[in-house]
Amino acid sequence: MKLNRRNFLSLGVGVVAGTTLSPLPWKLMDDVSIWTQNWPWTPVPPDGEVTYEKSVCTLCPGGCGITVRKIDDRAVKIEGIEGHPVNDGGVCLLGLSGLQLLYGPTRIKSPLKRVGERGEGKWQTISWNQALTEVAVKLGELRSNDRSHTVACISGSDQGTVPGLLNRFLTAYGSPNYIRTPSIHDSYEIALSLMHGGQSSAGFDVENADFVLSFGSGIIDGWMSPVRMIKANSIWKNEKSKVVQIEPRLSNTAAKSDTWVPIKPGTDAALALGLAHVIIKESLYNKDFVEKYAFDFNAFKTIVLESFGPDDVAKITGVDKKTILSLAKQFAGASKPLAICGRGQGKTPGSIDEVAAVHALNALVGNINKPGGVWAVSQPDYIKWPEVQMDAVASSGMKRERVDGAGSEKFPNANYLLNRWVGAVNSSKESPVQALFITDANPCYTLSDTSVVKKAFDRIPFVVSFSSNINETALNADLILPSHASLERYEDVPLSAGLTKSVIALSKPVVKPQFNTKHVGDVIIEIAKKLGGSIEEAFPWDDYETCLKATLGDKWDALVENGYWSDPDFGVPPWEGAFATGSMKFEFLGVVRARGGEKDVQAKHLFTPVTIEGNEKSYPLTLIPYDSLRLANGSIGDPPFAIKTVEDTVLKHKDVFIEMNPETAEAYDISEGDYAVLNTPKGKARVKIHLFDGIMPGLVAMPTGLGHTGPDEYLAGKGINFNELIGPVEDADFGLDVVWGIRANLTKA
Amino acid sequence: MTTLDDKAKEVSPDVVGDTNQTSSPDNCNCENKGKDSGGFILLFFIIGLAAALVAGWIIFPKLLYSQKKQPIDFNHALHNELVEEGCESCHFFREDGSFSGVPKLAQCIECHEEVQGEDPEEEKFVETYVANENEVPWLVYSRQPDCVFFSHAAHVKAAEMDCTVCHGHIGESTHLKTYEENRISGYSRDIWGKNIAGFKKNTWDRMKMDDCAKCHQKETGSKGACFQCHK
Chain U
1 MKLNRRNFLS LGVGVVAGTT LSPLPWKLMD DVSIWTQNWP WTPVPPDGEV
51 TYEKSVCTLC PGGCGITVRK IDDRAVKIEG IEGHPVNDGG VCLLGLSGLQ
101 LLYGPTRIKS PLKRVGERGE GKWQTISWNQ ALTEVAVKLG ELRSNDRSHT
151 VACISGSDQG TVPGLLNRFL TAYGSPNYIR TPSIHDSYEI ALSLMHGGQS
201 SAGFDVENAD FVLSFGSGII DGWMSPVRMI KANSIWKNEK SKVVQIEPRL
251 SNTAAKSDTW VPIKPGTDAA LALGLAHVII KESLYNKDFV EKYAFDFNAF
301 KTIVLESFGP DDVAKITGVD KKTILSLAKQ FAGASKPLAI CGRGQGKTPG
351 SIDEVAAVHA LNALVGNINK PGGVWAVSQP DYIKWPEVQM DAVASSGMKR
401 ERVDGAGSEK FPNANYLLNR WVGAVNSSKE SPVQALFITD ANPCYTLSDT
451 SVVKKAFDRI PFVVSFSSNI NETALNADLI LPSHASLERY EDVPLSAGLT
501 KSVIALSKPV VKPQFNTKHV GDVIIEIAKK LGGSIEEAFP WDDYETCLKA
551 TLGDKWDALV ENGYWSDPDF GVPPWEGAFA TGSMKFEFLG VVRARGGEKD
601 VQAKHLFTPV TIEGNEKSYP LTLIPYDSLR LANGSIGDPP FAIKTVEDTV
651 LKHKDVFIEM NPETAEAYDI SEGDYAVLNT PKGKARVKIH LFDGIMPGLV
701 AMPTGLGHTG PDEYLAGKGI NFNELIGPVE DADFGLDVVW GIRANLTKA
Chain G
1 MTTLDDKAKE VSPDVVGDTN QTSSPDNCNC ENKGKDSGGF ILLFFIIGLA
51 AALVAGWIIF PKLLYSQKKQ PIDFNHALHN ELVEEGCESC HFFREDGSFS
101 GVPKLAQCIE CHEEVQGEDP EEEKFVETYV ANENEVPWLV YSRQPDCVFF
151 SHAAHVKAAE MDCTVCHGHI GESTHLKTYE ENRISGYSRD IWGKNIAGFK
201 KNTWDRMKMD DCAKCHQKET GSKGACFQCH K
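Protein chains in written order, with my numbering: chain U, 1 to 749; chain G, 1 to 231.
In case anyone wonders, no lab produced these hints; they're calculated from the structure.
Quick reminder that beta carbons are idealized off the backbone N, C-alpha and C, glycines included.
Part of the chain G face toward chain U, derived, beta carbon under 10 Å:
| # | residue |
| --- | --- |
| 1 | I47 |
| 2 | A52 |
| 3 | R183 |
Full structure from sequences and hints, please.
Right, here's the structure in full:
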């Protein structure tokens with residue numbers, strides 16, 4: 001018996017026959033096909049019970065109501081709440097991507113202590129006890145040396161219990177230096193306080209307006225509350241309401257408007273006054289309002305008629321006389337006209353002259369506190385904590401002037417001046433801020449001239465960040481006490497982004513905290529307890545949740561169930577009694593008087609062009625920023641989902657494009673896609689060129705929201721941060737940063 | 001097989017023809033060799049056949065499935081006696097109509113927060129899972145591949161089918177059988193069925209697409225469209 005060729009073949013045939021007669025090939029084929037249809041390495045989300053949790057999106061100030069779809073304990077989708085007063089079922093790109101900020105790998109998982117140099121990104125994981133003790137020891141030291149006033153806090157908001165607790169802590173500790181990050185709300189708040197009297201924020205009844213005159217507001221590019229504005233835009237289309245967009249660049253908003261009026265940048269106030277001139281001259285204004293409820297109409301009339309004729313205004317703004325006349329007539333002729341301002345998304349304060357002039361237009365047509373108009377909305381007044389019993393150190397600390405000079409003799413009308421705060425830290429021999437807390441803000445990215453901001457941070461010996469990922473500011477901190485992500489925590493969010501209702505929303509822990517993080521509210525209470533004495537006494541709550549429930553009282557149940565609470569008694573006051581100025585009337589020249597135009601009102605008091613940095617000779621171009629809904633440019637940068645939606649005429653690979661009119665490009669002998677070096681007095685950047693007919697010749701525009709250093713590979717290192725190329729321009733009377741652009745030159749790379 | 005023999009025989013005269021005709025002993029040897037090799041060929045064929053059949057029917061199924069023990073040996077019969085609504089007491093439908101499937105720890109804790117009886121399996125359950133709030137990693141015999149959509153509500157509620165039609169009498173079992181996991185697909189052996197040839201006696205012996213289709217054909221007159229289950 002030999003295994004020769006024949007036998008071997010026979011054996012083989014036998015094996016084949018036997019295999020065919022066994023289930024092996026058929027079963028294998030079946031299993032392999034199942035395997036290939038369900039690759040085991042493809043993640044399959046686990047099945048489970050579907051539930052929805054209502055909350056509020058806190059990724060921008062918009063305040064959209066969200067309902068989070070969960071499978072068992074895992075959040076899987078963010079949707080808008082139907083019928084919510086802000087977004088009525090809608091949700092934006094950033095909001096949709098919120099889960100990536102919750103589950104993304106860049107979350108900070110426990111308290112971190114810096115071990116390398118500032119900005120180096122070398123951290124050591126420490127325990128919460130050690131972290132809080134270090135903070136308490138540092139604060140204790142400063143306080144015992146009578147330097148409590150050198151502690152400051154930068155926050156993205158000043159409303160609600162968390163900012164309230166932080167502010168309360170500073171008061172009990174002895175520092176007046178609570179600072180909110182700048183935005184158009186600063187300008188509106190100052191303008192309203194001077195024209196209406198009292199403290200209020202501007203509400204815009206956009207849904208009911210039938211003629212919208214927008215001075216550069218990126219209505220559908222993320223202005224105020226993005227989803228609400230997009231919904232309003234749909235209403236306008238359905239109702240055939242007119243939208244006029246005035247800005248030097250064809251933004252999405254301009255493209256979707258009925259009329260786009262290109263204007264020389266920075267001259268919006270002059271145009272508004274020009275329109276006022278026509279309205280007054282042709283007697284198209286609301287006589288009832290102007291005569292009965294306005295204090296100084298005649299003085300306003302005189303100066304406007306004298307100095308802002310259409311010919312003059314046409315020269316200043318570049319908008320032709322015919323358009324000025326026609327716009328004025330259309331605006332005054334509409335039944336519910338609304339004039340708004342706040343450049344782009346309104347992330348920078350902008351000129352108060354502009355707000356005052358635009359608001360005066362609303363007043364002229366009597367569309368104040370009326371359907372479709374601008375409302376002065378006072379914030380819901382529900383935080384009723386006992387007054388802080390300050391000890392001697394706290395009292396003396398609180399008497400000190402704020403580092404930023406807000407509320408001082410020089411800037412009595414300003415509440416917060418973060419741009420000046422940076423200057424003050426940099427210009428003193430020893431930093432007037434010795435310890436800094438930052439929450440819900442990223443000033444090292446969002447403020448004009450970031451290098452100067454970073455320099456200021458370098459001068460502050462102790463910086464504590466509450467960020468939940470390593471953003472530009474956290475990178476320059478000494479300690480990071482990571483906060484819960486927004487979907488992991490309770491927090492009341494009073495909605496203030498241009499809403500005409502008094503609404504409080506509640507952010508709820510949709511999922512349990514994923515990492516060793518702590519609520520900012522709890523951190524404050526625990527530090528207060530560690531410091532003891534009158535500071536501890538100012539915080540009689542065991543923890544933040546107890547504090548929040550006690551503060552919200554009978555609103556709590558409604559907040560938990562609906563995600564928001566709307567004041568049922570809220571209504572804007574009728575004109576009679578609506579104004580709390582000295583005259584108890586609307587004051588057209590309120591802002592002018594604050595500028596020193598008390599007796600002799602001059603045109604310069606109403607409109608002084610904001611001079612941007614750089615001389616025209618060395619820098620023949622003007623660089624302006626533009627905001628887009630696809631690029632988050634606030635304290636939170638684009639999550640991966642969002643950055644993937646950016647067009648390749650904005651960002652290609654790591655290169656950012658600047659928009660340039662083909663006419664300008666010809667002068668520079670530059671074409672589409674060419675590399676160039678953009679120089680401004682503040683910095684330079686390598687950019688690519690995108691030729692765009694929708695931008696005025698002589699201007700170049702750059703997107704905001706790029707050029708991050710973190711937190712992940714999807715965002716970091718892509719494009720340039722516009723704020724690196726621009727510096728602040730301070731309003732001499734109000735202290736705000738009113739910059740709108742900077743001069744620039746370009747060299748072909 | 002005969003063909004092979006014939007061929008062998010046919011080959012011999014040719015060989016003879018080519019050689020010297022007087023050398024007959026060689027010729028005889030050749031024929032004998034041919035007969036012998038024909039037998040061996042058959043033998044080898046049978047060996048091959050038998051080996052393949054043994055491999056295919058006996059060894060292959062053993063190799064294909066890995067044996068896994070359930071984390072806790074759950075006694076369905078015992079629990080079934082204590083509950084009022086049969087299977088649905090624990091395997092219930094949620095308010096939205098979706099089926100809860102294997103109970104979560106939260107349900108078990110309703111009774112088993114503390115050890116109640118003397119069963120070591122219960123003690124193990126309480127100590128390992130309840131105390132640490134860890135979900136039990138049950139191995140689900142009837143778990144279908146991810147590309148299959150199945151609605152319990154449509155079958156149990158709308159068509160009023162009994163659980164046993166597909167799941168058999170697991171509710172009466174006192175122990176959980178060994179979970180046999182297909183090493184290739186990762187799913188349970190119960191989907192293909194215990195019988196490696198795919199034969200079945202009872203409706204619950206197998207849970208393949210053909211079984212779904214057969215029942216659908218019988219009950220609804222149509223096997224159904226692809227997208228009904230493969231969405």
